[in-house]
Amino acid sequence: MDYQTPTSAEDAARLLSREGAQVLAGGTDLLVRLRAGMASPAMIVDIKRVPDLRGISHDARGWRIGAATSCAEIGEHAELSAAWPGVVEALQLIGSTQIQGRATLGGNLCNASPAADSVPALIAAGAVCEVVGANGRREVPVEKIVTGPGKNSLARGEFVLGFRLPNPPKRSGDAYLRLIPRSEMDIAVVGAAVALELDAKGTCTRARVALGAVAPTQLLVEDAAKALVGTSVDDAALEKLASAASAACKPIDDKRGTVAYRVKVAGVLAKRAARIARERASAK
Amino acid sequence: MAKHHVTTTVNGDSVEFLCTTEQTLLDVLRDELFLTGSKEGCSSGDCGACSVMLDGRLVCSCLVLGVEAEGCEVETIEGMAHGEHLHPLQRVFIEEAALQCGICTPGILVAAKALLEKQPDPSETEVRFWLAGNLCRCTGYDKIVRAVLDAAAQMRAGAASSASGKSSIGNKPATARA
Amino acid sequence: MNDMTNPDVLARHLKIVGTRPSRPDGVDKVTGRAQFGADMYLPNMLTGRVLRSPHAHARIKSIDVSKAQALKGVKAVITSADFDDLPSEFIPAGEMMVNFRDMTRNVMAREKALYEGHAVAAVAAVSEAVAAQALGLIEVDYEVLPHVMDVDEAMQPDAPLLHDDMFTIGVEPTPAKASNIAKRVEFGFGDLEAGFAKADVVIEREFTTKPVHQGYIEPHACVANVSEDGQAELWCTTQGQFIVRAFCARLLGMEVSQLRVKASEIGGGFGGKTVVYLEPLALALSRKACHPVKMVMSRTEVLQASGPTSGSSMWVKIGATKDGRITAGDALLKYQAGAFQGSPVQPGAMCAFACYEMEHVRIVGFDVVVNRPKVAAYRAPGGPIAAFAVESVVDEIALRIGMDPVEFRLKNAAKEGTRAPYGPKFGPIGLVETLQAAKAHDHYKIPLKPNQGRGVASGFWFNIGGETCASMHVGEDGSVDLVVGTPDIGGSRASLSMMAAEELGIALEHVHPSVGDTSALGFNFLTGGSRVTFSSGMAVVEAARDVIAQLRERAAKIWEVPVEEVEWLDGRANFIGAGEPKSLTLVELAKSAGKTGGPIIGNAAINATGAGPSLATHLVDVEVDPETGKVTILRYTAIQDAGKAIHPAYVEGQMQGGAVQGIGWALNEEYIYDKHGHLENAGFLDYRVPVCSDVPMIDTVIVEVPNPNHPYGVRGVGETPIVPPMAAIANAVSHATGVRFTDLPMSPPRVLDAIDTEQAA
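Residue numbers (the working numbering), protein chains in the order written: chain A, 255 to 538; chain B, 235 to 412; chain C, 17 to 777.
Source of the hints: derived by calculation from the structure; they are not laboratory data.
Treat the hints with care, as some may be off.
To be verified - Just a sample of chain C residues kept apart from chain A, beta carbon distances all over 12 Å, derived:
1. Pro189
2. Glu449
3. Ser495
4. Glu581
5. Gly614
6. Glu643
7. Thr644
8. Thr648
9. Ile688
10. Val717
11. Arg766
To be verified - Covered by chain C, according to a simulated footprint, are these stretches of chain A (three or more residues, beta-carbon under 8 Å):
12. 414 to 420
13. 423 to 436
14. 439 to 450
Claimed, not checked - Derived pair list, reagent style DSS-like, types lysine-lysine, alpha-carbon separation capped at 25 Å:
15. A:Lys398 <-> A:Lys504
16. C:Lys333 <-> C:Lys214
17. C:Lys88 <-> B:Lys237
18. A:Lys509 <-> C:Lys214
19. A:Lys494 <-> A:Lys504
20. A:Lys504 <-> B:Lys237
21. A:Lys509 <-> C:Lys226
Glycine is no exception: its CB is placed at the ideal position from the N, C-alpha and C atoms.
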């Protein structure tokens, strides 16, 4: 098994175009699969030395997070945490403190687990990926990356360089909640993210609702968002939101949860996340 | 396929080793450098028994490749004491019976040290969530959490680490925390 | 033999016993220096790996190892052909029985693979990579057979049959047809019909529990080193080096003294390391290759192929009067043994009603094989499972008659003189004291909020004694080496040296304990059954008293006085006869030992009897999220009778550790198999043991009702803590939700489903 450490995005893309080449960022998914015999790439391409892969910056367009920045580092960024608390709390739920020291947004997204914790929150926030490959760079909304369990829409040789989040509008808030059987360490049985914007009177003007672990990919649930827009996010609206969230689910029975459970709890968590998002928006 | 030649720093010492791509940092620490204090409990990053510090970050060494250590600073349990002076956490763990079989202890000590370096006055909840990635099957975590909180208090008060690890007689009531 | 009884042990002024000194192995454990099973490296060492069956049930038609043997770097390959077939023979091992015919087949499959993960071959090679490659070259021809995973299904007459020579023992007449039911047991006395007739309230319920693994963080590991003349050394993580020696010698056709076994530090056992898996394989490979061979299990292998405890299907019926007296109890316990007979249904049946004074009681148990890994002991084997059922029904009865659950138990509690359901009368036991402590505890008074519930449960475990040796050597400078034969899994070296120092009257720091290998001492039964502080303690005390007797004789010789006029007190020999007082310290006597008769060594070789049961009562408060079914443990109090707590911190540690294992068992731990009999959660991600943030502080109360048969009143404490938690938590969740829970684990999907079903009804 070969190991390469390219120092430019172009070199990385070129190496990744080869048959059997695999990206290594944080390694918290890849090394588990290697040890379990579920992956045996011919070449590991460690992209952590590529410039722009690490670090957080802010400009007029918004926030940019290098795709191989560790979750621990992102969580320590006070301004980003204040701007997008839902995104940051979501990515901080991935694994343990030790996992946080290595795990990355790029890996969490491209590994394409339907239960990935950071993805619903990124989708709700309207995040966009910077993808680089042999054919240059492009921007892709996060919700277009995962196409099925373990499958993503990147072409051979492409990888994610960074994530862009818009500047959060005034009076907006986001939140992510997940249901796990224990208090930590589990893969989400259900994940729900809500990002919303209120006007001066407290009426919701925009919303995005994303669910995780209840379908082969994360779901951006437009009906759930519609249930909130034009309302004060009151209990009646939240009930409609919950029903829409439950209706959108296409889950499976597996070792972590049943279909019935996921459908029900998706509604419960969507409601609770919406309440938190509303409170965060009102506080601004 | 030829092995990689890696130069790194372990517990302050410059170290070189050869490893294959597949060998994890844990494999290398144990099988090449004979630093067996870091333990293998699961090989999947779920138990924390292999915890080390990598460039100042708490990580599972079973989830880092040996080659990735090139040019890095690695700190393991073997580097926690200074000569015969135990770190306050090590001393308090013994005094407060915060270990039974001891297999999880190196990982927990490395993790706890990382916590106290970042947050010298953690709450019980903060300690518990920080240590959620370190499984212990013997103690039920109670005495571990109390020992971390007590060591933190002692470190804040500037108590010097004990001169040696000799046994001490006496009751050490744990700090009561909500 | 010395009188080991303990008049007034609680009134004695003890200097060391009962305090909390640092443990002697503490520094090695906090610095990473301590050597566990996988921490041994020998020159010329090979790596051993096991080939495991991918099928839950299959006939092995042939195994072709030729390609593996031919691979460069492979030094030995073994299959069942390398082990003799052994006849059926039951011997005790800890608290379970083992059968050599079954053991041979469990360590290496012979005719059949009986569970996914069952070892079918093994290789030793120059590296991990070559060993893995070699496994891929072994060709096994399997005939896949239908499998059965559930105990009730396995008992059906048309169930797939695991062993065609299994005819149920304990049934009259012996069945003519083979089945999966290995054994039937029955305990009890009285007239059930009469008893239930007297009852105002009768409650019967069915229960199921899933298998759970002991969950030790250290996987099985060993290094075997056999030389060309057959002398063998084995380093392994184990609860019993003498047991490993006995089993491996038998399996490999060696004399026991030909094999020296050294126990490494052990990273958790809980009963699961009282059996052998890799050790005979490593020895066989080493014997063939004439190199040391190291074998370590991965976590996947630990979960696929090492013993969990049984899953079960149970029925319990209890009758009581409306003023709270139990009139009769009846239980049917069906436990899965895994692929070979030997579930702990017998001790489970014995313990089920042991907390109560029963006039009419019957417990019937069945030991049933299924296509899962063979079960091994897990902390009070069999007891927690039965207690879950009985303590839940007791709770329901108390609720039905409107009586406080602690009061109900006080009214019926077993005491000294109570006849146990399995026959003998109890000596002094401390159940009542634990119940009174529960009633008086602040925990019991804390008001509960909506969606919260409080649960109570009591528990019992027998504890065992057994063959134990200890040796105490007084060094030339008066410092003392203490050699024991029982591995230290919970801090026992501390307690044992404390008892030694207390007896000798010297400071603890001059006593240096170690766990000897099998050549250092006579046979020691394993660490288990909560026996070490009791049995090794007793042996240490006897060895110390042997040393003291010799020290008095040496002083008498020096002073030329009769030995009866020499007393030993506080580390000194004192002349107490007529004339000038004289005194010599242990250090002085040690220095002159060479001149007064030679080195001073105390030995003990005993079969410790008189182990006292330890009883407990646990209190737990939970909160249940009614919309997600998630259960949070709010507060937990464990109250237990330790007889006498030698080192209170380590007694507390046992109580807390057992309680948290019980929390995991109650809420989230289970084996999840797919329909092909493949384990889906063979890792710590989805085999969900409690993490630090899952549990609160575990408050502990130690009560002391001394065991009259031990010099310090000790009762083993290690196992009882895991007996009450599942019932206590199930009772709490039932009170929080208004729904009775009879199936474990109470994971969120199950809890929510039960709440929703109840609401719909």
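Hint check:
no. : hint                  : result
1   : Pro189                : 44 Å, holds
2   : Glu449                : 34 Å, holds
3   : Ser495                : 42 Å, holds
4   : Glu581                : 66 Å, holds
5   : Gly614                : 56 Å, holds
6   : Glu643                : 4 Å, violated
7   : Thr644                : 5 Å, violated
8   : Thr648                : 8 Å, violated
9   : Ile688                : 4 Å, violated
10  : Val717                : 26 Å, holds
11  : Arg766                : 9 Å, violated
12  : 414 to 420            : violated (count 0)
13  : 423 to 436            : holds (count 3)
14  : 439 to 450            : holds (count 4)
15  : A:Lys398 <-> A:Lys504 : 18 Å, holds
16  : C:Lys333 <-> C:Lys214 : 14 Å, holds
17  : C:Lys88 <-> B:Lys237  : 19 Å, holds
18  : A:Lys509 <-> C:Lys214 : 46 Å, violated
19  : A:Lys494 <-> A:Lys504 : 18 Å, holds
20  : A:Lys504 <-> B:Lys237 : 47 Å, violated
21  : A:Lys509 <-> C:Lys226 : 14 Å, holds
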